[in-house]
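All chains should be built: construct the whole structure from the sequences, respecting the hints.
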Amino acid sequence: MLSAITLGVWSMVFMSALMRGMVDEMVRGGLDTLPGEVQIHHPAYRDDPSVTNSIGQPEGELLRVLQSIPLEAWSARVKVPAVIASERNSRGVLLLGVDPVAELALGFDASDIIEGRFLIDEMDKGVVIGASLARRLETRLGKRIVLMSQDPDNNVAERGARVVGIFKARLEGTEDILVYAARQPVQAMLGINTQVSEIAVSAGNYRDVQWYQSLAVAAGEQLETLPWYQLDPYLGSMLKMQDGFALVFMVVVFLALSFGLVNTLVMAVYERVREIGLMQALGMSPGLIMGQVLLESTLLMLFGLTAGNVLAFVSIKPLESGIDVSAVAQGMAMMGAGTVLYPSFAWADVLMSTAVVLILGLLASLLPAWRASRFDPITALGKN
Amino acid sequence: MNVIECRNVRKTFQQGEQTIIGLDDVSIDITHGDFVCLSGPSGSGKTTLLNAIGGLDTPDSGEVTVSGQRIDLMGKGELATMRLNTVGFVFQAYNLIPVLSARENVEFVMQVQGVPTGKRRQRALKVLAEVGLQGMESRLPAELSGGQQQRVAVARAIAAKPSLILADEPTANLDSASAAQLMDLFAELNSEHQATFVIATHDARVMGYAKRLIRMRDGLIIADESQQPQRMDVS
Numbered sequence: 070m071l072s073a074i075t076l077g078v079w080s081m082v083f084m085s086a087l088m089r090g091m092v093d094e095m096v097r098g099g100l101d102t103l104p105g106e107v108q109i110h111h112p113a114y115r116d117d118p119s120v121t122n123s124i125g126q127p128e129g130e131l132l133r134v135l136q137s138i139p140l141e142a143w144s145a146r147v148k149v150p151a152v153i154a155s156e157r158n159s160r161g162v163l164l165l166g167v168d169p170v171a172e173l174a175l176g177f178d179a180s181d182i183i184e185g186r187f188l189i190d191e192m193d194k195g196v197v198i199g200a201s202l203a204r205r206l207e208t209r210l211g212k213r214i215v216l217m218s219q220d221p222d223n224n225v226a227e228r229g230a231r232v233v234g235i236f237k238a239r240l241e242g243t244e245d246i247l248v249y250a251a252r253q254p255v256q257a258m259l260g261i262n263t264q265v266s267e268i269a270v271s272a273g274n275y276r277d278v279q280w281y282q283s284l285a286v287a288a289g290e291q292l293e294t295l296p297w298y299q300l301d302p303y304l305g306s307m308l309k310m311q312d313g314f315a316l317v318f319m320v321v322v323f324l325a326l327s328f329g330l331v332n333t334l335v336m337a338v339y340e341r342v343r344e345i346g347l348m349q350a351l352g353m354s355p356g357l358i359m360g361q362v363l364l365e366s367t368l369l370m371l372f373g374l375t376a377g378n379v380l381a382f383v384s385i386k387p388l389e390s391g392i393d394v395s396a397v398a399q400g401m402a403m404m405g406a407g408t409v410l411y412p413s414f415a416w417a418d419v420l421m422s423t424a425v426v427l428i429l430g431l432l433a434s435l436l437p438a439w440r441a442s443r444f445d446p447i448t449a450l451g452k453n
Numbered sequence: 007m008n009v010i011e012c013r014n015v016r017k018t019f020q021q022g023e024q025t026i027i028g029l030d031d032v033s034i035d036i037t038h039g040d041f042v043c044l045s046g047p048s049g050s051g052k053t054t055l056l057n058a059i060g061g062l063d064t065p066d067s068g069e070v071t072v073s074g075q076r077i078d079l080m081g082k083g084e085l086a087t088m089r090l091n092t093v094g095f096v097f098q099a100y101n102l103i104p105v106l107s108a109r110e111n112v113e114f115v116m117q118v119q120g121v122p123t124g125k126r127r128q129r130a131l132k133v134l135a136e137v138g139l140q141g142m143e144s145r146l147p148a149e150l151s152g153g154q155q156q157r158v159a160v161a162r163a164i165a166a167k168p169s170l171i172l173a174d175e176p177t178a179n180l181d182s183a184s185a186a187q188l189m190d191l192f193a194e195l196n197s198e199h200q201a202t203f204v205i206a207t208h209d210a211r212v213m214g215y216a217k218r219l220i221r222m223r224d225g226l227i228i229a230d231e232s233q234q235p236q237r238m239d240v241s
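Going line by line, the protein sequences match chains A and B. Just so you know, the working numbering puts 272 at position 203 of the first sequence, and the rest follows in order with no gaps. Just so you know, the working numbering puts 65 at position 59 of the second sequence, and the rest follows in order with no gaps.
A hint or two may mislead.
The calculated lysine to aspartate or glutamate pairs, modelled on DMTMM-like cross-linking and capped at a C-alpha distance of 20 Å, are [unchecked claim]: (1) B:Lys217 - B:Asp230; (2) B:Lys132 - B:Glu69; (3) B:Lys82 - B:Glu69; (4) B:Lys82 - A:Glu344; (5) B:Lys82 - A:Asp445; (6) A:Lys309 - A:Asp445.
Here are some chain B residues pointing at chain A (derived, C-beta under 8 Å) [stated by the list, open to error]: (7) Ile27; (8) Asn57; (9) Leu62; (10) Lys82; (11) Ala86; (12) Phe95; (13) Asn101; (14) Glu110; (15) Phe114.
Keep in mind the hints are simulated off the structure, nothing from the lab. We put the CB at the ideal spot given by N, CA and C, even for glycine.
Structure (structure tokens):
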């Protein structure tokens, strides 16, 4: 029984680590596209992400709060729908006007550039496009493309630019949709002076974004400050689902185990009928007998929990550097995850499995404990 | 002063369709410090009466009062508390807990009573010495002879200083020498500690130790007489 509990606890924590790794991948992939865990926009921007719903660069109290919170990075970006055209094809994209230094700090990985370079500074005239988009446009590094969008007066705003870099992303969809350009040329093209579409902010931990409330206060009601799970409710619900599924999985695993636990405890009780009868004859009350059986099952569960959690820790930690799942890359991509799965050991899983095992285990132990307490001492003493 | 008062105690058992009478309207009083033997053939009701007095079994009708408490009216929990604090049991089959040492077996009742560790350990060692098991405190029951195991059982029964000691065929599994030693010990405890003994036995030599001999047959008391105790001669 001890080994069954150990195995059950290990499987609960290990499976949760895998699921957590997968959901982390999906959320991180989503956050890379957002990017940041919190964004500040014009209140109408999410419904109509056009230049008319731009905001000013952060200043005053907002700038002070951005500089006082321990953040990894923040970046004021232009993000508008646009059309990119090569001499062969055109595609609808999201044109990002970024400060390259802030963008790298915010999470753009320079090693994702597979050809050429990333943008150098805010004045850079080039554009960086995804590898998949380059294929679809049938263009390549060094070729010129045309970017088209609308200015605040709804006139066509356009400019030509040279492809200076091609990036790869975890998801092909990201490569298709994002086009990076330096912020000032984009602002000039759109005629919005120094205005931006959003301020993206990252503190590095998407599970704890309570700090966004102080940003929201500083930004005021004229701006909309939202955490990632409200910006992308699908990602938020994925995380909630993962946590819920982990609990359901643990309960199902332990419910299966609890049948074994009940059986073992019942056997243990019936093997000791005579001993329990003797204890009753000597004056041990039914309550104490019940308490003793429950104590024994609790000890059994605690040993199993300790062994299972230690086993989970030592089996997950070496895998945290990543498991190559490229063999099922398509399936992973459909779920929005990459080709490397990073299992993540979490103490929360240990706490949850401990709670599930102890609560369900004690419930499962009640029946044998109650039966033991109801033995008739004379009959029990007569058993061999 | 009466330690035990039984009034019109009746107990029947169902065996298939047949009703067997264990005790048939039995009434007895046993005074403090008495040394009573219940004798009679198998099925005469000795053990049934002992179980009723010890609160291990409840009569169908009648009253059983032990140390002033009506135990026939008690629930399981109250009976357990009464047994814990008032009665010491010595069983025919010793009934020691096999995984506990001699000392731990003796400590068991005191542990359930909540006696602090140091105090109960000291008491257990003292009682084991009294029953002649000094130096064997850490032995498991399997490492002791039948006579020694029964002595551990006696030590367990007297360790918590109960006012009443009930023994069911305590010498049945012992050789004559061990039986004599055990009965000498009982007699000594009875005279020195004024503990009340009620012993169910077939053994005529054991009956010799009794100050009062109650003979039973078919669930009835057929004779109840006082006598001069006589120690067993094993020479």
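Practice prompt. Sort out which numbered hints this structure fails and list those numbers smallest first.
Written response: 2, 6, 7 and 14
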